[in-house]
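Asker: Spelled out, the chains give:
Protein chains: 2
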Amino acid sequence: MNLRNTALLILTGMLAVSCNQHTKQEKLAAEPTYDVVFAKGERVTNDNFTGRVWLNNLVNADSVNQNAVGSVTFEPGARTKWHSHPAGQIILALDGVGYYQEEGKEKVIVRKGEVVKCPIDVPHWHGASADSAFVQVAITGRENGETVWLKPVTDEEYNQGPK
Amino acid sequence: MNLRNTALLILTGMLAVSCNQHTKQEKLAAEPTYDVVFAKGERVTNDNFTGRVWLNNLVNADSVNQNAVGSVTFEPGARTKWHSHPAGQIILALDGVGYYQEEGKEKVIVRKGEVVKCPIDVPHWHGASADSAFVQVAITGRENGETVWLKPVTDEEYNQGPK
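Respectively, the protein sequence lines represent chains A and B.
Adding 795 to a residue's 1-based position in the first sequence gives its number in the working numbering.
Adding 795 to a residue's 1-based position in the second sequence gives its number in the working numbering.
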């Protein structure tokens, strides 16, 4: 083979390899990044929730500080039962999209970076949206006793209002 | 120019362009991702801190819930003064690397995903590490009054112990 044909062959080969690398690099860069703050914790097995939920107890209430702080991860569609807190609760939305509803009010969407203050003794529920997981940190005062668990959130209740 | 030489020229040109794209793609993919949960808030201008600090008041304490919750961003080297909390405090490390020290104890490093429970009335300080910014959510009970601010953390105190 003469020199020119050899050069042609080599260049074609290099181009083929380079194009393939380029395509692979694009694909990697297109994958979404996901930055978890707190470990997911343990899968919740009690019946206070619908769907798949994980709990990481970050801080337990004690005589020094009556706040319990936990990170909760809800898979899409998962939610708490209706429930209330005798000392209220604060929800920090760390990731994803969630739903929150108080008795007598419309369901609202809660997004990463938003905060919800649940009033004392008002029945409410919260969880992931239908299409997205939801990660929350819940700050719950224990000084007036434990959470009062009520009935499950029906699919009809869950699906009404905003998506 | 004959056909072979033309092909050679075209292929060389394509290779040159492709290599350049490939290099650019690598550079973009190498930039670190940063996923902020809460907005940084306002630059703190009072003298309770050393260095540059931002505060986003997420939840104000009120008669319903006596917890104040804020997101604080410390630039590298920035820290609080020594101070104490009459109802204690909980620090959730959301991002970066920070320092925390209680009076009479060694300074410790606090990393994203870790939690610190500050005891009632114990003087302490916290902030970013020397080389990394630090983002924390602080949960502070206000039922026993306000934070008691003490003296600034000297550079010697800040730099002793782990880096």
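Don't take every hint at face value.
If chains are identical, the list can't say which one is meant, so a pair holds when it fits in one copy or spans any two.
[Unchecked claim] Straight-line distance between alpha carbons at most 30 angstroms, and here's what the computed DSS-like set of lysine-lysine pairs gives:
1) Lys946 / Lys876
2) Lys876 / Lys900
3) Lys835 / Lys958
4) Lys912 / Lys835
5) Lys946 / Lys900
6) Lys900 / Lys912
7) Lys912 / Lys902
8) Lys958 / Lys876
9) Lys835 / Lys907
In case anyone wonders, no lab produced these hints; they're calculated from the structure.
Asker: Does each hint fit the structure? Answer for all of them.
Answerer: The hints, checked one at a time:
Taking CA atoms no more than 30 angstroms apart as the test, Lys946 paired with Lys876 passes inside one copy only; the shortest distance there is 6 angstroms, against 48 angstroms between copies. With identical chains, the CA atoms of Lys876 and Lys900 are at most 30 angstroms apart within one copy only, with a shortest distance of 16 angstroms there and 44 angstroms across copies. Taking identical chains as interchangeable, the C-alpha atoms of Lys835 and Lys958 lie at most 30 angstroms apart whether they share a chain (25 angstroms) or sit on different chains (28 angstroms). Taking CA atoms no more than 30 angstroms apart as the test, Lys912 paired with Lys835 passes in both settings, with 23 angstroms inside one copy and 20 angstroms between copies.
In this assembly of identical chains, Lys946 and Lys900 lie within 30 angstroms of each other by CA distance solely inside one copy; the values are 17 angstroms within and 48 angstroms between copies. For the identical chains of this complex, Lys900 and Lys912 are intra-copy neighbours only, at 14 angstroms inside a copy versus 35 angstroms across copies, given an alpha-carbon limit of 30 angstroms. In the homo-oligomer, the alpha carbons of Lys912 and Lys902 lie at most 30 angstroms apart inside one protomer (14 angstroms), although the nearest pairing across protomers, at 34 angstroms, exceeds that limit. With identical chains, the CA atoms of Lys958 and Lys876 are at most 30 angstroms apart within one copy only, with a shortest distance of 19 angstroms there and 45 angstroms across copies.
For the identical chains of this complex, Lys835 and Lys907 are neighbours both inside a copy (16 angstroms) and across copies (14 angstroms), given an alpha-carbon limit of 30 angstroms.
This entry satisfies every hint, going by the numbered hints stated previously.
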